[in-house]
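Visitor: This is what each chain is made of:
Number of protein chains: 2
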Amino acid sequence: MPRRTDRRDKIGRNGKPMRNTANRNTATTQAGSRPLIADWNALMRVFIRPEDEACRTTLIKYMEQILFGLHEFLAQHVGITEDVSLKALARQFKSTAIAENPEKRLAEVIQELIREISPYGVNVASPYFVGHMTSALPFFMVHLKTIAAALNQNLVKLETSKIFSLLEKQVLAKIHRLIYRFPEQFYCDHVQNPETTLGSFVEGGTTANITALWVARNTFFAPRNDFAGIEADGSAAAFAEYGVKRAVILVSRRGHYSLRKAGGILGIGNKNIVAIDVDKEHRLDIGCLEQTIADIRKQGDTAIVAVVGIAGATETGAVDPLRKIGELCAREKLFFHVDAAWGGPTILSDTHRHLLDGIELADSVTIDGHKQFYMPMSCGMVYFKNPHIMDAVAYHANYVNRHGSVDLGIRSLSGSREANSLVLDSALKIMGKKGYALLIEHGIDTARKLAEEIERRDLFEVVTWPQLNILTYRVCPAGLKEIMQTGTDEERIEAVHALNHINKTVQRIQREAGKSFVSRTTLMRRHYEKGIVVLRCVIMNPLTTMAVLNDILDEQESIFRRYFPSPPPVYPS
Amino acid sequence: MPRRTDRRDKIGRNGKPMRNTANRNTATTQAGSRPLIADWNALMRVFIRPEDEACRTTLIKYMEQILFGLHEFLAQHVGITEDVSLKALARQFKSTAIAENPEKRLAEVIQELIREISPYGVNVASPYFVGHMTSALPFFMVHLKTIAAALNQNLVKLETSKIFSLLEKQVLAKIHRLIYRFPEQFYCDHVQNPETTLGSFVEGGTTANITALWVARNTFFAPRNDFAGIEADGSAAAFAEYGVKRAVILVSRRGHYSLRKAGGILGIGNKNIVAIDVDKEHRLDIGCLEQTIADIRKQGDTAIVAVVGIAGATETGAVDPLRKIGELCAREKLFFHVDAAWGGPTILSDTHRHLLDGIELADSVTIDGHKQFYMPMSCGMVYFKNPHIMDAVAYHANYVNRHGSVDLGIRSLSGSREANSLVLDSALKIMGKKGYALLIEHGIDTARKLAEEIERRDLFEVVTWPQLNILTYRVCPAGLKEIMQTGTDEERIEAVHALNHINKTVQRIQREAGKSFVSRTTLMRRHYEKGIVVLRCVIMNPLTTMAVLNDILDEQESIFRRYFPSPPPVYPS
Chain C
1 MPRRTDRRDK
11 IGRNGKPMRN
21 TANRNTATTQ
31 AGSRPLIADW
41 NALMRVFIRP
51 EDEACRTTLI
61 KYMEQILFGL
71 HEFLAQHVGI
81 TEDVSLKALA
91 RQFKSTAIAE
101 NPEKRLAEVI
111 QELIREISPY
121 GVNVASPYFV
131 GHMTSALPFF
141 MVHLKTIAAA
151 LNQNLVKLET
161 SKIFSLLEKQ
171 VLAKIHRLIY
181 RFPEQFYCDH
191 VQNPETTLGS
201 FVEGGTTANI
211 TALWVARNTF
221 FAPRNDFAGI
231 EADGSAAAFA
241 EYGVKRAVIL
251 VSRRGHYSLR
261 KAGGILGIGN
271 KNIVAIDVDK
281 EHRLDIGCLE
291 QTIADIRKQG
301 DTAIVAVVGI
311 AGATETGAVD
321 PLRKIGELCA
331 REKLFFHVDA
341 AWGGPTILSD
351 THRHLLDGIE
361 LADSVTIDGH
371 KQFYMPMSCG
381 MVYFKNPHIM
391 DAVAYHANYV
401 NRHGSVDLGI
411 RSLSGSREAN
421 SLVLDSALKI
431 MGKKGYALLI
441 EHGIDTARKL
451 AEEIERRDLF
461 EVVTWPQLNI
471 LTYRVCPAGL
481 KEIMQTGTDE
491 ERIEAVHALN
501 HINKTVQRIQ
511 REAGKSFVSR
521 TTLMRRHYEK
531 GIVVLRCVIM
541 NPLTTMAVLN
551 DILDEQESIF
561 RRYFPSPPPV
571 YPS
Chain G
1 MPRRTDRRDK
11 IGRNGKPMRN
21 TANRNTATTQ
31 AGSRPLIADW
41 NALMRVFIRP
51 EDEACRTTLI
61 KYMEQILFGL
71 HEFLAQHVGI
81 TEDVSLKALA
91 RQFKSTAIAE
101 NPEKRLAEVI
111 QELIREISPY
121 GVNVASPYFV
131 GHMTSALPFF
141 MVHLKTIAAA
151 LNQNLVKLET
161 SKIFSLLEKQ
171 VLAKIHRLIY
181 RFPEQFYCDH
191 VQNPETTLGS
201 FVEGGTTANI
211 TALWVARNTF
221 FAPRNDFAGI
231 EADGSAAAFA
241 EYGVKRAVIL
251 VSRRGHYSLR
261 KAGGILGIGN
271 KNIVAIDVDK
281 EHRLDIGCLE
291 QTIADIRKQG
301 DTAIVAVVGI
311 AGATETGAVD
321 PLRKIGELCA
331 REKLFFHVDA
341 AWGGPTILSD
351 THRHLLDGIE
361 LADSVTIDGH
371 KQFYMPMSCG
381 MVYFKNPHIM
391 DAVAYHANYV
401 NRHGSVDLGI
411 RSLSGSREAN
421 SLVLDSALKI
431 MGKKGYALLI
441 EHGIDTARKL
451 AEEIERRDLF
461 EVVTWPQLNI
471 LTYRVCPAGL
481 KEIMQTGTDE
491 ERIEAVHALN
501 HINKTVQRIQ
511 REAGKSFVSR
521 TTLMRRHYEK
531 GIVVLRCVIM
541 NPLTTMAVLN
551 DILDEQESIF
561 RRYFPSPPPV
571 YPS
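Chains as they are written, first to last, in the UniProt record's numbering: chain C, 1 to 573; chain G, 1 to 573.
These are calculated hints, taken from the structure and not from any lab test. Among the hints, erroneous ones may be present.
If several chains are the same, the list does not tell them apart, and a pair holds so long as it fits within one copy or across any two.
Stated by the list, open to error - Quick list of in silico lysine-lysine cross-link-like pairs, DSBU-like style, CA-CA up to 30 Å: (1) K433 to K61; (2) K87 to K174; (3) K94 to K174; (4) K433 to K87; (5) K385 to K271; (6) K385 to K87; (7) K280 to K530; (8) K324 to K271; (9) K433 to K94; (10) K245 to K298; (11) K333 to K271; (12) K94 to K385; (13) K271 to K245.
One chain only, chain C, in its complex shape (with noise of 0.2 Å):
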């Protein structure tokens, strides 16, 4: 493992960790030179293109400060240490006056920044790093992201983006056409085509489950005869022309809890996202779904708004049976929306397509930008496979999204939204498909070799194979594995405990020391077994080499040795 600088060493002063600043609310430079006063030529200034070089170098010296004192930070640590509590932490943030001056000129800012409060964040570009789907990015994203920033465009109109309103079109059609494959003459007759949509650039995964279960909810309960739709008469007024006391989604076990949050809030409730028993390699049991589809249909009052599929649970990065499930919709005449939001791109490595087979069988599909596009925060995307289903979710003003305009804020959650789209063109021309499938094929690659790794160690069990870049697995001494596989139903569930309490407590002092990061959840494969707690590795960081990976294997069975040394331990149950 690279030795790594003790952070005390770099920033402590006086023996105090970290010096409190962010209660400082006074109106003078740390020099205690002269006061800092707002005012209106000083305003101006800040406001105006700076013409003369002096000042032009100042920016630019500035820059350099972010981009390499960052960098600075980000070699070193992973951050999730216990160095200093959170509770000592907290204590430095609890000023909340405002200072009616000034109290700090942007170099004190910045250098605030980099040098006392970058280090208490956490480095998720560190090839340590593999508890989460946050990762490092290529350097030049934080290029595209600042460009998308100085041009600052809003693209919920045309008046404040133009042509990158058109150029976001273009972008969309690029990852439906990667998605879909319809014919070149499909996307000539949309791509450009003010009337439809192909998707939308929304904040994140959450968002984009949210709309296009909107879309599905509002397909579902369209307008006819008297009634106007569920979108504008409401949930009671649909319920009541449809003739249903109830409507469901139906989603994996493993779905994303965002996909709760959509049923709530739009009030279908969220006790009525269904949770479909999965097999056990983690993904949807088809013949559940099938069998609670059945079930529901006999009920005869509930509306079966859509069926949801994933592609890369969030815990378990497993995938459901999409083709199988997108038949089922079919023959069924029900909605399919598949969340890929970590699983899309693997449709950019030609080797690994196959692994999302059956995604151009859903009616909308969940991608987001920040995870396995290497984008930074925050970007989500989604797509629908016909281009006019979004009119369902169509809103006009008088003074903008007109009738007939090409303001992209007309079938949009959001409104006012940053230039994305610009950061994910750029990047596609940058890294082209073969990049991000390089990025892709080693995240699968490395995933695997891991899972082979953990089974060749005595202490560790694979939980969940790895059928993208993501597993899971736990510590598992010989003796509770024997019990697991031997012992009575009481000697298990006792051994499970102890389990959950071992991999609970090495997580935990592993995130503490500060050096690596494996998070953890729990699993719990039907619903009525106790969960068991695994550690979770998700690699998408092609700095993340075996190398790494089993420094970090090594450090969890050091770490359980030292708490838990034989001989035979009690664990409490």
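Following the hints, put chain G in place on chain C, whose structure we already have.
Guide: Frame of chain C, contents of chain G only:
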């Protein structure tokens, strides 16, 4: 008016206005030199932090181009010109294939964005761009946004943000305190309390309004007896439990269209967002609101989920009588939401804060960061008086947002989110309350001066006087002005037609000329009235002086005289 360089001089080539680069899909560089190939080593380089001096210099050089290349563009154009028609532009964004190998290097992408794409974007930073709520940014905002991108923290959970979650809670408390002015002890108790929530960062005003009304809906249809609440059980069960047939939200006719959208999404139905008529200053008519509430109460089967007051209507900048609405809501025990997406930051000015008198009575308040906090796209916020009320929208999962954790994603419409709070907090330190106040005061003062200037000119009339820094007016030549005052009903209807046509034409021609941008909208005061077309100015750019505004009015006068020459023109009716 300052001389502007003809764009064609700058970027036109061989008579073609723009090189058709967007369609190029080859994997060779511009010089036709060695082809770009995606390979693992090249990929590694973009993920590794540059260690050597040459690399760092290159990265900084790119940033310099971004900061100043774009600045040069921004100094020249407003940009919604018809030099090149939208259709012609759209033809260049029709290719939908993604190249296998990289198409361009970062340097080429940046060059293309600066030289060939951005000139066809919209220069929202121009002092002559006064049509929308997007304006110049203080340059340091770009630096701050770059810091957020480089750190790439995800505020959904502590494990991907740590200190930045604490910082976010702090800045939320700072703004909450500006709005509600609770005693110091209240903020001590809540600023870092993981169990309570003073507000939430969202993508923009639309999602802020949706969040507020989501909370209002769930608060109204709260759990009781066997009913688990509307969020869990859905609208139908909620209506049954509470014995209502319909739920409504009451809002001024000037309310933002996102409120209708919120009604649609939440299952209330956008037809049930009841528009309350406005008084002659375009403020919600409090008598009309009272009457509407009384009428609804009489029916007995309709739930009033919330009343919305507007602080800075999008079209007119009008501020509803917040104190009166708040007092009425308190008497009637109704949830009171204030949409201060635009006007919110007025509370930073001691001089003008009184314009938002009563805002502290609101149960929830929407404020946009990317409007009068001068932050880059996109950042919205929503605040709640009661720090526990967001429990009504809490979600947990097994791997994140666990019960009792500090994870900010527990109570939030969105999931993964960038660290916009870092940008706002830093900006407050750099600007001070007074720095923002100076901007607010400039906007309001200048808008008032502009209204006086408009009234001074014979050709125009003010339609809505500025309550904040937005006003509407129209071209209204003497003859038509007289008819409007003394004509018969029939003559006045004719005159309105003519005026609408004139104003649409003047606005369009000015926009297409590309020197200035004033927007237009159609105002309807009462539901039975025909709309009148008005020109709309939003004064937020501190470089927008009266000299600039006089230029804009002069141009409108000259367009009018050119397109509608006297003697008596024939206006189409």
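Visitor: With reference to the structure, classify each hint as holding or not holding.
Guide: Now the hints, each set against the structure:
1. Within a single copy, K433 and K61 get their C-alpha atoms only as close as 35 Å, which misses the 30 Å cut-off; across copies the closest is 27 Å, which meets it.
2. For the identical chains of this complex, K87 and K174 are inter-copy neighbours only, at 20 Å across copies versus 47 Å inside a copy, given an alpha-carbon limit of 30 Å.
3. When the C-alpha separation of K94 and K174 is checked against a cutoff of 30 Å, the pair qualifies only between copies, where the shortest distance is 10 Å, while the shortest distance within a copy is 47 Å.
4. When the C-alpha separation of K433 and K87 is checked against a cutoff of 30 Å, the pair qualifies only between copies, where the shortest distance is 29 Å, while the shortest distance within a copy is 45 Å.
5. In this homomeric assembly, K385 and K271 come within 30 Å of each other (Cα to Cα) both inside a single copy, at 28 Å, and across copies, at 29 Å.
6. For the homomeric pair K385 and K87, the shortest alpha-carbon distance between copies (25 Å) is at most 30 Å, but the shortest distance inside one copy (49 Å) is not.
7. Taking identical chains as interchangeable, the C-alpha atoms of K280 and K530 lie at most 30 Å apart only when both belong to the same chain, with a minimum of 15 Å there against 64 Å between chains.
8. In this homomeric assembly, K324 and K271 come within 30 Å of each other (Cα to Cα) only inside a single copy, at 25 Å, whereas the closest approach across copies is 39 Å.
9. In this homomeric assembly, K433 and K94 come within 30 Å of each other (Cα to Cα) only across copies, at 18 Å, whereas the closest approach inside a single copy is 47 Å.
10. Proximity of K245 to K298 under the C-alpha cut-off of 30 Å is found in both arrangements, the shortest distances being 14 Å within a copy and 27 Å between copies.
11. In this assembly of identical chains, K333 and K271 lie within 30 Å of each other by CA distance both inside one copy and across copies; the values are 23 Å within and 29 Å between.
12. For the homomeric pair K94 and K385, the shortest alpha-carbon distance between copies (18 Å) is at most 30 Å, but the shortest distance inside one copy (49 Å) is not.
13. Both within a single protomer and between protomers do K271 and K245 lie at most 30 Å apart by alpha-carbon distance, with minima of 14 Å and 21 Å respectively.
Of the hints listed earlier, there is not a single one the structure fails to meet.
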